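Visitor: Position 207 of the sequence shown, counted from 1, bears residue number 207 in the UniProt record's numbering, the numbering being contiguous throughout.
No lab work stands behind these hints, which were simulated from the structure alone.
Computed from a predicted model, the values in this text were never measured in an experiment.
We treat Cβ as the ideally placed atom computed from N, Cα and C, and that holds for glycine.
Just to be clear, a hint being listed does not mean it is correct.
[Claimed, not checked] Derived Cβ-Cβ restraints for the label pairs, each shown as a range: (1) Pro25 / Lys72: 40 to 46 angstroms; (2) Gln11 / Ser186: 42 to 48 angstroms; (3) Ser195 / Thr45: 30 to 36 angstroms.
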Amino acid sequence: MVKIMIADDQQLIRESLKIILDSDPNFEVVKVVGSGQEVLDTVETESIDIILMDVRMPSMSGVECTRLVKKKYPNIKVIILTTFDDDEYIYDALKYGASGYLLKGCSLEELSSAIHNVLAGGACFNPNVAGKVTQFFSQMANSNGEFNFGHGEDEHIDLSDTECKIIAQIGHGYSNKEIAQKLGFSEGTIRNYLSVILDKLDLRDRTQLAIWYLSRGNK
Numbered sequence: 001m002v003k004i005m006i007a008d009d010q011q012l013i014r015e016s017l018k019i020i021l022d023s024d025p026n027f028e029v030v031k032v033v034g035s036g037q038e039v040l041d042t043v044e045t046e047s048i049d050i051i052l053m054d055v056r057m058p059s060m061s062g063v064e065c066t067r068l069v070k071k072k073y074p075n076i077k078v079i080i081l082t083t084f085d086d087d088e089y090i091y092d093a094l095k096y097g098a099s100g101y102l103l104k105g106c107s108l109e110e111l112s113s114a115i116h117n118v119l120a121g122g123a124c125f126n127p128n129v130a131g132k133v134t135q136f137f138s139q140m141a142n143s144n145g146e147f148n149f150g151h152g153e154d155e156h157i158d159l160s161d162t163e164c165k166i167i168a169q170i171g172h173g174y175s176n177k178e179i180a181q182k183l184g185f186s187e188g189t190i191r192n193y194l195s196v197i198l199d200k201l202d203l204r205d206r207t208q209l210a211i212w213y214l215s216r217g218n219k
């Protein structure tokens, strides 16, 4: 059973999400809250697998809340809930460890797929706004922004054919298990490859790696 917390300051949004998720027998909505502080209080006392986090909440933004949650509880996954005009929040949330983002109003199928994918070690990026995110990080890659996008020009990065294939699979949101099945390796081997790849590119996690891949014009 996947234990979920929903954090959104709009009651209609959070209650609607709860109704949607409660229709899936694999999910248990443990808590529905309306502020970042309530999120922090809940993770102290409840076992949570994943948080659906709004970015705009009173007193503490979802971005700051994501940073604090991931700092203390790195195993809790965070999916950002966003609207089209929340771009500036999305970038920072991903930087602080969110596993992706979804547009509010997504279907149960989209939501369920994203949750399972993130819990399996993947990432979720809504295609309607993915271009904005990759464009932003691509610009930061060529600037002095605080987000570190790797060691520099692609031609200076020594990646094997297998590493390139793994990067492409991660860029498309596949989990370690799915990549292992596709490429004929064990999950442990994929994890080892991923660790080496992140070190070579000077990236922190698979979410940044997916953005790195997409920002270079890959599909």
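Visitor: Determine for every hint whether it applies to the structure shown.
Guide: Verification of the hints:
At about 30 angstroms, the beta-carbon gap between Pro25 and Lys72 misses the expected band of 40 to 46 angstroms. Checked against the hint of 42 to 48 angstroms, the pair Gln11 and Ser186 passes, with Cβ atoms roughly 46 angstroms apart. For the pair Ser195 and Thr45, the beta carbons lie near 33 angstroms from each other, so the given range of 30 to 36 angstroms is met.
The structure is inconsistent with hint 1 alone, although it conforms to all the rest.
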